[in-house]
Amino acid sequence: MCYNMENKHMFAILAREQYLIIDRMVRNMVLQERLSLEEKLRILSDAAKYDVACTSSGVERAGNGKDLGNAAACGICHSFAADGRCISLLKILYTNECVFDCKYCLNRSSNDIERATFTPEEICTLTMEFYRRNYIEGLFLSSGVLRSPNETMEKIVQTLQLLRVKYRFNGYIHCKAIPGASEDLIEAAGWFADRMSINMELPTAEGLKALAPHKTRRTILTPMRKIQLGIEESRAALGMMGGNEGAYRVTQKRLYESTGGRLGTSKEQRGTISEGTLKLLEEGGIPGKPGNEKRSEGTGAHSQRNTRSRTEQTDILREGESAAEEVLLERAGNRMLRPDKLGAARGFAAAGQSTQMIIGATGESDYQILSVAEALYQKFDLKRVFYSAFIRVNDDSALPEIPGGPPLLREHRLYQADWLLRYYGFEAEELLTEQKPNFNVFLDPKCDWALRNLEQFPVEVNRADYFTLLRVPGIGTRSAGRIVRARQNGTLRFEDLKKARSGAETGYLFYYLCRKDDVSCEDRGELHYESTAGAERPAEAVQGRFHDLSAVVFVRRCSIWTV
Amino acid sequence: MRVYLCEDSVDGIFTGVYDAWASRLGHDNVKLLAQSGEVYEPELFCEYQRVETDPEKAGKVLKTIRNRISEYAAQMLIRACCSADEEKADDIYRFIVLGLNMGRRTSDQLSDPHVMSIFEKDRQVGNEAHHYLGFLRFSRVKEGVLFAEFEPKGDITAIVAPHFADRLPDENFIICDRRRRKAAVHPAGDQWFLTEVSEELLQKMEESSDRGDEYRNLWKVFFTSIGIEERRNEKLQNNLLPKRFRSMMTEFQIYE
Ligand code: SF4
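Taken in sequence, the protein lines are chains A and B. Here the first sequence is numbered in the working numbering, starting from 1 and rising by one per residue. Here the second sequence is numbered in the working numbering, starting from 1001 and rising by one per residue.
Just so you know, these hints were derived from the structure itself, not from any lab. Where a beta carbon is used, it is the ideal one built from N, C-alpha and C, also for glycine. Some hints here could point you the wrong way.
[What the hints assert, rightly or not] The calculated DSS-like cross-link candidates involving lysine-lysine, where the alpha carbons are at most 30 angstroms apart (straight line), are:
no., chain 1, residue 1, chain 2, residue 2
1, A, 66, B, 1142
2, A, 66, B, 1220
3, B, 1142, A, 166
[To be verified] Pulled a few chain B residues facing chain A out of the computed Cβ check, cut under 7 angstroms:
no., residue
4, 1219
5, 1231
6, 1251
When you get a sec, could you build the whole thing from the sequences and use the hints?
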């Protein structure tokens, strides 16, 4: 190849970095053509593996007698990878090309790595053939940002449309929304997908700014709200088929009803996110509990959003956004017509919405993380928030060095705490505070909480309500349900309790069965325990001063609090 | 004591229940044993009687369970029949005897050892079947047929087949239980049925399914690259996907 001096000069003045990028693009273009399907699959599944969610649950859909696929509400695991994580979906990126430069990500634009891009047809073929062989429950499609968010989202929509309409795939689809993609494209995707998700990435706006300079809270939360509105609309139009509410809201509702409004959140408070809260979230703040709503809405924005702001219908078909054209065309006529044609059997993301946060890449405390999760459940009705222990894949000074490897135990504790929010009616504020912002990784969060709130124990199992029972370490949702049912037939004895407790694990017992519920805290110090290594210090346990492993041993071994 | 040796199938066991009941020997003087082959160790003072499987008698027993106990109990007992445990036939008999007295509440009587045993077998069989909904692997064999084989502990072919028939309505597929030499066969667009499989056919299927299906390799590629090295945790993997399932799973079959 020959080029003249002028060109040479041009190259010289290009910053070396830019040159590298161009060089890489040219190399990639040549490579792309030669990449086999196998190589693409290897590259693009490898690039997708850090995304946590692989669940296929949340939607029940029988086969229709001719097309490939159905969906099971309980979810089905098809395999388990060497890291012990469930494989249930064909988890891939559309492309690992990316114009963004998130510091924690292998695919960032400044990395010189092997790049690949699928064609929509390739993705459809892989999904169909893998599904036929019972390798997967469906497809999980994410992507790097190819030139622009809209262009990428358009490719994703195109792929999903092809899969649903041409290939008539009736299995499960989890679709990632690209930050900054237009609302119309997000909506189009939602009618094809069973679950939608957009990653929060980092718990705070500052963290995002530091590590993901091309993303903002706004470009993440706007699509998230769009998805929420779509789900609500489909629920209103299709009823149960449009999917059910997330566990958090169901728990809050139950709590509200069972305490006569003292705890939990009311229907209004559970409504769609208010402008004020959204704004606050975008700015990186953490909205308080519903009761504190006023604080977060100082701007005077209306507190209940009954009128949803909609994109002007005429605006929807913009030129150049042809991928979703077919979908959107129908909508222009009549909103409610559309699901009939496309999503009648599915609804809009009927399995709900989820998100993911990276744990340990920036300095957030567990308290901050959990508060954000709580706000997301409360305001966006998310089905799940996933936590992903930070893995240092790039050597970048902006990223922390974590000597012990990814903080897996911390991640585990956050999942447990998340469970307490969704199913047990706990609030983030109860589990952690600004003064005690992090979990003790050696204790499970509920036990940790119980040790700090000994005045609430022991609990009289024969009388305590369901949600109080749930707060007892060692009693889970199943056991609490069984206890409530069993005591209808008479007073429970210790033997009955043993039966009611699920599983064989030895739990810590913070309940009692006597009628003496006026015992003072000191009396409860007289524990009946087996003498074990940590058991010489019962008094300390009562004062909740244990923060080391021996406390765990001690609490595990102490038998029933027979006061 | 008279021991009724019944065929190891739902019909076989229910026929045994019918015969044992009809004998009027008294419940304490009869025992049921589900055993297909001749191999059993005769006990002293026992008289052995082979039960001739009769779908009509079995149908009557099933109908009685449905009417006098509950549909739920009927489902439980059918699944318990699929368990690999030989003792199940007698537990089923005792459950039904109790059930005719107690009616709907029978399945809640977990303090009764026979009810407990049925409860556990039902759960075991259900769990195993659920596992195979995910772990079963099909391969495309030459004639455009999807072929899967497995070696379940329980006799669950008929339990898992409806799931796949619903999911793959337009495919020709065969799910073959190698140990029991039986298969669920599903012709595209049609009803599935159970059939026996000859050694010859099995071998033919196995040979053609191992090679020539390019997606087997693609799946292995995916399976390997989706794991995160920094999170490697084989213990967890072994807990969630016990080794006994693996020999028939494409991603664990290293040599082709
Ligand atoms: S947008 Fe950020 S996280 Fe996503 S692929 Fe690009 S660099 Fe990675």
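Consistency of the hints with the structure:
A hinted pair counts as satisfied when its Cα atoms are at most 30 angstroms apart, and residue 66/A with residue 1142/B qualifies at roughly 22 angstroms. For the hint linking residue 66/A to residue 1220/B, the alpha-carbon distance of about 29 angstroms falls within 30 angstroms, and the restraint holds. As the CA atoms of residue 1142/B and residue 166/A are separated by approximately 25 angstroms, the hinted pair is consistent with the 30 angstroms bound. At about 5 angstroms, the closest approach between the beta carbon of residue 1219/B and any beta carbon in chain A falls short of 7 angstroms, and the interface hint on this residue holds.
Given the 7 angstroms rule on beta carbons, the hint for residue 1231/B holds: about 4 angstroms separates it from the nearest Cβ of chain A. At its closest, the beta carbon of residue 1251/B sits 6 angstroms from a beta carbon of chain A; the interface hint therefore holds under the 7 angstroms criterion.
In terms of the numbered hints stated before, the structure departs from none.
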